[in-house]
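A.B. asks: Order-wise, the sequence lines are chains A and B.
When you line the first sequence up against the working numbering, it's residues 100 to 424, in that order.
When you line the second sequence up against the working numbering, it's residues 13 to 253, in that order.
In case anyone wonders, no lab produced these hints; they're calculated from the structure.
Idealized CB from N, CA, C, for every residue including glycine.
Watch out, some of these pointers could steer you wrong.
Said to hold, decoys possible - Which residues of chain B face chain A? A partial, calculated answer using Cβ under 10 Å:
1) Gly27
2) Cys28
3) Ala30
4) Lys83
5) Pro92
6) Leu112
7) Cys118
8) Tyr130
9) Phe135
10) Gln139
11) Ala190
12) Arg192
13) Leu199
14) Asn206
15) Tyr211
Said to hold, decoys possible - Think about it this way: if two alpha-carbon atoms lie no more than 25 Å apart in a straight line, the pair counts; the simulated SDA-like pairs of lysine to any residue are:
16) B:Lys138 with A:Arg170
17) B:Lys138 with A:Gln338
18) B:Lys216 with A:Arg173
19) B:Lys163 with B:Tyr197
20) A:Lys329 with B:Asn75
21) B:Lys122 with A:Glu169
22) B:Lys140 with A:His164
23) A:Lys317 with B:Pro201
24) B:Lys106 with B:Lys122
25) A:Lys319 with B:Lys163
26) B:Lys140 with A:Pro331
27) B:Lys106 with B:Asp150
28) B:Lys163 with B:Asp150
29) A:Lys329 with B:Ala55
30) B:Lys140 with A:Arg173
31) A:Lys329 with B:Lys117
32) B:Lys168 with B:Leu112
33) B:Lys122 with A:Gln253
34) B:Lys117 with A:Ala160
35) A:Lys363 with A:Gly220
36) A:Lys317 with A:Ser257
37) B:Lys138 with B:Ala55
Here is how the chains run, residue by residue.
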Amino acid sequence: MNPAFSVIFLTTLIGVGQGLLLALFTQQSYALFDLLPQQEARFYGWGALLALLFTVAGLIASFFHLGRPERAWRSAAQWRTSWLSREVIALPAFMGVLFLYGMTHLTGFDPVLLTLPSGLGIHATVMLGGIATVMAFALFVSTGMVYACMRFLQEWHSPLTVINFILLGGASGFTLAAFYAALVAPAQAGFFAGWALIITLLGLLGRGASLWRNARLKPKSTLQTAIGIKHPRIVQTAQGAMGGSFNTREFFHGKSESFLARVKVVFLLLAFAFPALLVVLDLSSPSTALLGCAFISQFVGLLAERWYFFAEARHPQNLYYRGVS
Amino acid sequence: MTQLALVIDLNVCVGCHACVTSCKEWNTSGSAGPLCDENPYGANPTGTFFNRVQTFEIGQYPNTGTVHFPKSCLHCEDPPCVPVCPTGASYKRKQDGIVLVDYDKCIGCKYCSWACPYGAREFDEKQKVMKKCTLCVDRIYDNSLAEIDRKPSCVKACPASARLFGDIHDPESAVSQAIRENAGYVLMPEWGTNPANHYLPRRKTNMKIHEDELERSDNPLKVDGLLPKPGKNEPTLDDFS
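Take the sequences, apply the hints, and build the full model.
C.D. replies: Listed below in structure tokens is the structure:
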């Protein structure tokens, strides 16, 4: 496929937003059970708004993908069959709950909604955080399934696609949370950094597994099945267009194999190796700058990762556009 | 249930592109608006087409064959492009199985084109919506046309009659018979899309002539045996009557 930058930014930016919410609510859940000190409401509130900022940026990026953005509201219609439609619903729903989660923290309107048998009171922020967590996962699954559901794009048609969207979004969110905590609540930075390291390494495992799988894929379609002529040697001499067509522009990245190999190395270094190293350094000697660099490196690395994710998918329609004489 | 479709005979197609130009002419002139072109007279002309003819060379010189391969939407019976559409702009008509795009609902997200393994859909770069073959739905039901003209534009244009049009669910239709009797096949059957359009393969007509068939067995000059048996090159009664 030819990577579209609008979609690259959409999926990476909302991934950061989702991961940041998951990080904040993880800390709040720990605090609920007195495993970590409860932070001031401002910490969660501004953190949630920071996550919201990323999702808004992702939403804006997504509009650049549309030929007719003024009709975008129509895309919520086919949620029964279309994962894209489900994503379109899940994103604003997540953003709405995220906003409420942040505002309940910032305004201090946080009544106890119910009391557990153990006597533990569940506040509105905990309830909203729980709902936002569920929505974050629903959005991860929708985003991943947009790609994983297409059976003839064999590189994407795997549970690893969804798992990697969750892990990579989670990793970047926790890394940002560590940086955010280092700025405003330094005592908590280690907690987030530890999780960021774990999820980054899990992400490397998941992405490595999909790279390993994709390198061994055997394409189901061949030129023989594409035109239905059973001969081992078929050479295309005309494509039906001389100046290219939508088919030659949309489905191939136009870069060389060696360029792809370089992008792969770049994203493995920037998205996984450098952030993991910087976070390990931060864990031994805490430093805000290290965590800031870790997040920037990981985000840039994930942009490259997402570019590669699109570029590595070989669309069977390219069989019809192999050459001209 | 009706399933309208094209049957394209690769044994007959000569690659003249008349179906391409005729399709473009009809579909750029309709009420749905033009099929936009960019640089039509420039160095790299490109534009929106519903139908293209590609050419493939099969085999190794000197044993080669050239196959011209017309390619358009196959109107799959289980179209993967339809359920993925977030707006419902892509749909398959129940009454005749034609897969269509509602240009007024399309948001131009291109997701349906990703979901088509055949690359049958083309994004119109000026109107910013996805377009594809309509089987000339604005023509085949037009009662103001003579009945013989109520066919897709490409079918009408083909000088070699390589394109047949009809209901492949009706076993007595010309298309069903053509598929049945000439080993009609579908493209990329491995994806289970069940395309409605079929292709008829290249085929050679061979006739085996046995030695005794070269000689007329009931030649009266030879039958009665009274006259000396004439040679094979001698005239027979047929040569005089």
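A.B. asks: If a hint holds in the structure, say so; if it doesn't, say that too.
C.D. replies: Against the structure, the hints:
Because the smallest distance between the Cβ of Gly27 (chain B) and any Cβ of chain A comes to about 8 Å, under 10 Å, the interface hint for this residue holds. Checking Cys28 (chain B) against chain A: minimum C-beta separation of about 12 Å lies over 10 Å; hint violated. At a threshold of 10 Å, the smallest CB-CB gap from Ala30 (chain B) to chain A is about 13 Å, leaving the interface hint violated. Annotation: Lys83 (chain B) was flagged as interfacial toward chain A, and the flag holds, the nearest CB pair being 7 Å apart, inside 10 Å.
With a least beta-carbon distance of about 8 Å to chain A, the hint placing Pro92 (chain B) at the interface is held under the 10 Å criterion. Evaluation of the Leu112 (chain B) hint against chain A yields a violated restraint, the C-beta minimum of about 15 Å exceeding 10 Å. Restraint check, Cys118 (chain B) versus chain A: the minimum CB separation of about 7 Å is within 10 Å; hint holds. Taken as an interface hint, Tyr130 (chain B) checks out: its beta carbon lies about 6 Å from the nearest beta carbon of chain A, inside 10 Å.
Taking 10 Å as the C-beta contact cut-off toward chain A, the hint placing Phe135 (chain B) at the interface holds, the least distance being around 5 Å. At about 8 Å, the closest approach between the beta carbon of Gln139 (chain B) and any beta carbon in chain A falls short of 10 Å, and the interface hint on this residue holds. Because the beta carbon of Ala190 (chain B) sits about 15 Å from the nearest beta carbon in chain A, more than 10 Å, this interface hint is broken. Because the closest C-beta pair between Arg192 (chain B) and chain A is about 16 Å apart, greater than 10 Å, the hint is violated.
With 10 Å as the threshold, the beta carbon of Leu199 (chain B) comes within range of chain A, its nearest partner Cβ sitting at about 6 Å, so the hint holds. The restraint placing Asn206 (chain B) at the interface with chain A is violated, with a minimum CB-CB distance near 14 Å, outside the 10 Å limit. Satisfaction of the interface hint for Tyr211 (chain B) is found here, the shortest Cβ-Cβ separation to chain A being roughly 6 Å, below the 10 Å cut-off. Simply put, Lys138 (chain B) and Arg170 (chain A) have alpha-carbon atoms about 16 Å apart, close enough for the 25 Å limit, and the pair holds.
Taking the CA atoms of Lys138 (chain B) and Gln338 (chain A), the gap is near 22 Å; set against the 25 Å cutoff, the hint holds. Between Lys216 (chain B) and Arg173 (chain A), the direct Cα distance comes to roughly 52 Å. Violation of the 25 Å bound is thereby established for this hinted pair. Taken as a hint, the Lys163 (chain B) and Tyr197 (chain B) pair is honoured in the structure, with Cα atoms around 22 Å apart against an allowance of 25 Å. Restraint check for Lys329 (chain A) and Asn75 (chain B): the C-alpha separation of about 15 Å stays at or below 25 Å, so the hint holds.
Proximity of Lys122 (chain B) to Glu169 (chain A) is assessed by CA-CA distance (about 15 Å); at most 25 Å being required, the pair is judged to hold. Under the criterion of a C-alpha separation no larger than 25 Å, the hint pairing Lys140 (chain B) with His164 (chain A) is consistent with the structure, at around 11 Å. Restraint check: the Cα-Cα separation between Lys317 (chain A) and Pro201 (chain B) comes to about 16 Å, which is no more than 25 Å; the hinted pair holds. Restraint check for Lys106 (chain B) and Lys122 (chain B): the C-alpha separation of about 24 Å stays at or below 25 Å, so the hint holds.
As the CA atoms of Lys319 (chain A) and Lys163 (chain B) are separated by approximately 35 Å, the hinted pair breaks the 25 Å bound. As the CA atoms of Lys140 (chain B) and Pro331 (chain A) are separated by approximately 39 Å, the hinted pair breaks the 25 Å bound. A hinted pair counts as satisfied when its Cα atoms are at most 25 Å apart, and Lys106 (chain B) with Asp150 (chain B) qualifies at roughly 16 Å. Distance check on the hinted pair: Lys163 (chain B) and Asp150 (chain B) sit about 10 Å apart at the alpha-carbon level, within 25 Å; holds.
For a cut-off of 25 Å, the pair hint linking Lys329 (chain A) to Ala55 (chain B) is broken: about 36 Å separates their Cα positions. This hinted pair checks out: Lys140 (chain B) and Arg173 (chain A) have alpha carbons roughly 15 Å apart, not beyond 25 Å. About 41 Å separates the Cα atoms of Lys329 (chain A) and Lys117 (chain B), which puts this hinted pair outside 25 Å; it is violated. Between Lys168 (chain B) and Leu112 (chain B), the direct Cα distance comes to roughly 21 Å. Compliance with the 25 Å bound is thereby established for this hinted pair.
Between the alpha carbons of Lys122 (chain B) and Gln253 (chain A) the distance comes to roughly 19 Å, so the proposed pair stays at or under 25 Å and holds. A hinted pair counts as satisfied when its Cα atoms are at most 25 Å apart, and Lys117 (chain B) with Ala160 (chain A) qualifies at roughly 21 Å. Only pairs whose Cα atoms come within 25 Å are accepted, and Lys363 (chain A) paired with Gly220 (chain A) is rejected, the gap being roughly 48 Å. Straight-line distance between C-alpha atoms of Lys317 (chain A) and Ser257 (chain A) comes to about 14 Å, which keeps the hinted pair within the 25 Å bound.
This hinted pair checks out: Lys138 (chain B) and Ala55 (chain B) have alpha carbons roughly 19 Å apart, not beyond 25 Å.
Against the hints set out earlier in the document, violations occur for numbers 2, 3, 6, 11, 12, 14, 18, 25, 26, 29, 31 and 35.
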